[in-house]
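Undergrad: Assemble the whole structure, with the sequences as input and the hints as a guide.
Each chain is listed here by its residues.
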Amino acid sequence: MAMKNKSLVSINDYSKSEYLKILDLAEDFEKNPVRDLMSGRVVATLFFEPSTRTRLSFESAVNRLGGKVIGFSDTDSSSVSKGETLYDTIKIVSNYCDLIVMRHPLEGSARFASEISKVPIINAGDGANQHPSQTLLDLYSIKKTQERLDDINIFMVGDLKYGRTVHSLLMAMSKFKTTFNFIAPDELKMPDEYKLFLDSLGLRYFEHRDFTDIISEADIIYMTRVQKERFSDPIEYEKTKNTYILKNHMLKNTKPNVKVLHPLPRVNEIDPCIDINPKAYYFTQALNGVYVRQAIITSILGLI
Amino acid sequence: MKDKILVVSAIKDGTVIDHIQAISLFKVISILGLDKIDKTITFGTNLESKKLGRKAIIKLSDIFFKDKDINKIALVAPDAKLNIIRNYEVVEKKVVEVPDEISGIVKCMNPQCITNYEKVVTEFDVISKKDVKLKCRYCEKITDQENMEILK
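Sequences listed follow chains A and B, in order. Be aware that the first sequence starts at 1, since it is given in our numbering, and climbs by one per residue. Be aware that the second sequence starts at 1001, since it is given in our numbering, and climbs by one per residue.
Think of the hints as simulated: they come from the structure by calculation, not from any bench.
Okay, the calculated bits of chain A under chain B, using three or more residues with CB under 8 angstroms as the criterion:
{"id": "1", "region": "85 to 97"}
{"id": "2", "region": "107 to 118"}
{"id": "3", "region": "122 to 135"}
For each residue, glycine too, the CB sits at the ideal point set by N, CA and C.
TA: Below, the structure written as structure tokens:
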């Protein structure tokens, strides 16, 4: 398989058929997540900045497959705090394991690591750049809830300017017949480069400041956090913040198949009342992350 | 008249790089590593040019470039023209073209890019040649002409 021994740094490293392969494998892992496929294998999780969900999800994936995990969850407990370069850390750690899962605050750090490491790298987030396993679990969640990946009308809501998850998801969904609706304040609109990219593929997209009137068209509502610090004018933030909060009554006239997704953590952009609405899917989405990561890890290690 | 003689003074074999914007001369020298070559090289700068205002010229005796190497200067001297000289005659004229890939010449403009922290040779894919846009292979961000900084 082409994925074997190949690092996963960017969502653009995989083809459409490789996405579908991962999603099929993830479906198998969902049916049977505890399998002794990784006996004797060691995965290093190097988290140069903290992340609860992603790290635990990767570690859970490895543990359920019978593998072992080594690593660190913040730089205070590693030699990075003594000033060691990323180059040296990767050179050394790649001697100790079969696969490295890393998160690092600097963009491009995972690509750099993949060039110097003896073992494959899975990028679990490099600054604001890429987080491909998140995108694959988003795809899995869309496929599972909609039973298809083509002809989806996806609403992306909130911070579309800085949000790395929406950018990667856009790139991945552009391989399917997707209609995009971008709902964001002017200060956080989808960057032009992504819109030009969709233009070049002839895919449809629409931009809105508000989504209450159009929400009935959505198949997927992908919520993201609107952070106060992204606004140059705090008054502008106060004026706009409530526009991008999803409330239960807004889901009333939506399609029966609609699902609300969120990469998490959320702050206040999804009203907790929605949690018990069957259209809320974000917690199951996080669970899907374990199966998708099992699929990615076993594909890269050539275990299936 | 004296200046004119100097400018047109001929070389027997080698390369003349003409139509360099005067402001870019030292960048061209640096990119081509001319400060480390022991052959005879003549530089002229702030010469009058109808097209460029002030231009610079470099005459290199017994030096010939591969297209791959000379095209590196297209980023800072897009109008540069090359005259290849053999036995005092111009045997070939060439223009420079922005290459498809740029390695180790340009600084990534993203302050959060790993290439600005660790010892990494920058690598870019050229996604636009006319209004130059470079995509960093590490952080995937775009460095445009306006924000381009030459590394050496």
